[in-house]
Amino acid sequence: MIREIHGDSLNQRIVDEAVDILRAGGIIIYPTDTVYGLGCDINQKSAIEKIYRIKAMEHSKPLSFICADLKDIAQYAKVSTIVYREMKRHLPGPYTFILPAMHAVPKMVVSKQKTVGIRIPDHELSLAIVRQLGNPIVTTSLDISERTFASDPMDFMEFYEDRVDLIIHAGPSYHDPSTIIDFTTDQPRLLRAGQGDISWITS
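All you need for the numbering used here is the position in the sequence shown, starting with 1, plus 83.
Because the hints were derived from the structure by calculation, they are not lab data.
Misleading hints may appear alongside valid ones.
What the hints assert, rightly or not - Think about it this way: if two alpha-carbon atoms lie no more than 30 Å apart in a straight line, the pair counts; the simulated DSBU-like pairs of lysine-lysine are:
| # | residue 1 | residue 2 |
| --- | --- | --- |
| 1 | 190 | 138 |
| 2 | 144 | 161 |
| 3 | 154 | 171 |
| 4 | 133 | 161 |
| 5 | 128 | 190 |
| 6 | 197 | 171 |
| 7 | 197 | 161 |
| 8 | 138 | 161 |
| 9 | 190 | 133 |
| 10 | 144 | 197 |
| 11 | 197 | 154 |
| 12 | 144 | 195 |
| 13 | 197 | 128 |
| 14 | 144 | 171 |
| 15 | 195 | 138 |
| 16 | 197 | 133 |
| 17 | 161 | 171 |
| 18 | 161 | 195 |
| 19 | 154 | 128 |
| 20 | 144 | 190 |
| 21 | 138 | 197 |
| 22 | 133 | 154 |
| 23 | 161 | 190 |
| 24 | 138 | 128 |
| 25 | 161 | 128 |
| 26 | 190 | 171 |
| 27 | 144 | 154 |
| 28 | 144 | 133 |
| 29 | 133 | 195 |
| 30 | 195 | 171 |
| 31 | 144 | 128 |
| 32 | 190 | 154 |
| 33 | 195 | 128 |
| 34 | 195 | 154 |
Construct all of the structure, not just a fragment, from the sequences and the given hints.
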């Protein structure tokens, strides 16, 4: 199923449809402030397994998830005062924060280092879906190959249409993937430079 929107516009009918699919254990492709994401409800373990199968990923490569706001993050990750301050300054935004995981995070989403990647994208539609769902969305960047991220739905719709339950088509998104920051200590460490300013990390 494909639904089209214009850019970052908020279409409540599509939000409702996406949330119903996620609650039923389905998988969606949706736009963010970086590249398109492949996602499911964090409480639907069979859907998480399906994401691994769709992307042919090893379970040693943990998935991230997106939250609606900072208060939700505290349920799933340990956040020091210093880290919280930096997150408040830069989120919503194109960053994935690697943080120590709490017990509420499903084991299959936690890395061997007991960490988890968390995002709050600066994208109204994706945030509206997470808010209405009431749970984080487990997510991974949609890619066409190991080094090429999907930016134009025309490049991936044919391949994914029969593998997912909903594709939200918001047109081309010529962005880099998110910048990944290891914040397991109070000193940030840049793991991947992507979309967004990194001067505050490297300075």
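So, going through the hints one by one against the coordinates:
1. 190 <-> 138: 19 Å, holds
2. 144 <-> 161: Given pair residue 144, residue 161 holds - Cα atoms ~21 Å apart, limit 30 Å.
3. 154 <-> 171: 10 Å, holds
4. 133 <-> 161: 28 Å, holds
5. 128 <-> 190: Between residue 128 and residue 190 the Cα gap is close to 10 Å, so the pair holds against 30 Å.
6. 197 <-> 171: 23 Å, holds
7. 197 <-> 161: Roughly 11 Å separates the two Cα atoms, so the pair holds.
8. 138 <-> 161: 29 Å, holds
9. 190 <-> 133: Judged against 30 Å, a Cα distance of about 15 Å means the pair holds.
10. 144 <-> 197: Between residue 144 and residue 197 the Cα gap is close to 12 Å, so the pair holds against 30 Å.
11. 197 <-> 154: 21 Å, holds
12. 144 <-> 195: Cα-Cα ~9 Å, so holds.
13. 197 <-> 128: 18 Å, holds
14. 144 <-> 171: Since the Cα atoms of residue 144 and residue 171 sit roughly 27 Å apart, the hinted pair holds (cutoff 30 Å).
15. 195 <-> 138: Given that 30 Å is the threshold and the Cα spacing comes to 20 Å, the pair holds.
16. 197 <-> 133: 22 Å, holds
17. 161 <-> 171: OK: residue 161 and residue 171 at ~15 Å, within 30 Å.
18. 161 <-> 195: Between residue 161 and residue 195 the Cα gap is close to 16 Å, so the pair holds against 30 Å.
19. 154 <-> 128: Roughly 23 Å between the alpha carbons, so the hint for residue 154 and residue 128 holds.
20. 144 <-> 190: The hint holds at about 12 Å.
21. 138 <-> 197: 22 Å, holds
22. 133 <-> 154: With a Cα-Cα distance of about 29 Å, the restraint between residue 133 and residue 154 holds, given a limit of 30 Å.
23. 161 <-> 190: 16 Å, holds
24. 138 <-> 128: Holds: residue 138 and residue 128 sit about 16 Å apart, inside 30 Å.
25. 161 <-> 128: 22 Å, holds
26. 190 <-> 171: The hint holds at about 27 Å.
27. 144 <-> 154: 26 Å, holds
28. 144 <-> 133: Answer holds: residue 144 to residue 133 is near 14 Å, not above 30 Å.
29. 133 <-> 195: 20 Å, holds
30. 195 <-> 171: OK: residue 195 and residue 171 at ~27 Å, within 30 Å.
31. 144 <-> 128: 16 Å, holds
32. 190 <-> 154: 21 Å, holds
33. 195 <-> 128: Measuring from Cα to Cα gives roughly 18 Å; hence the hint holds.
34. 195 <-> 154: 25 Å, holds
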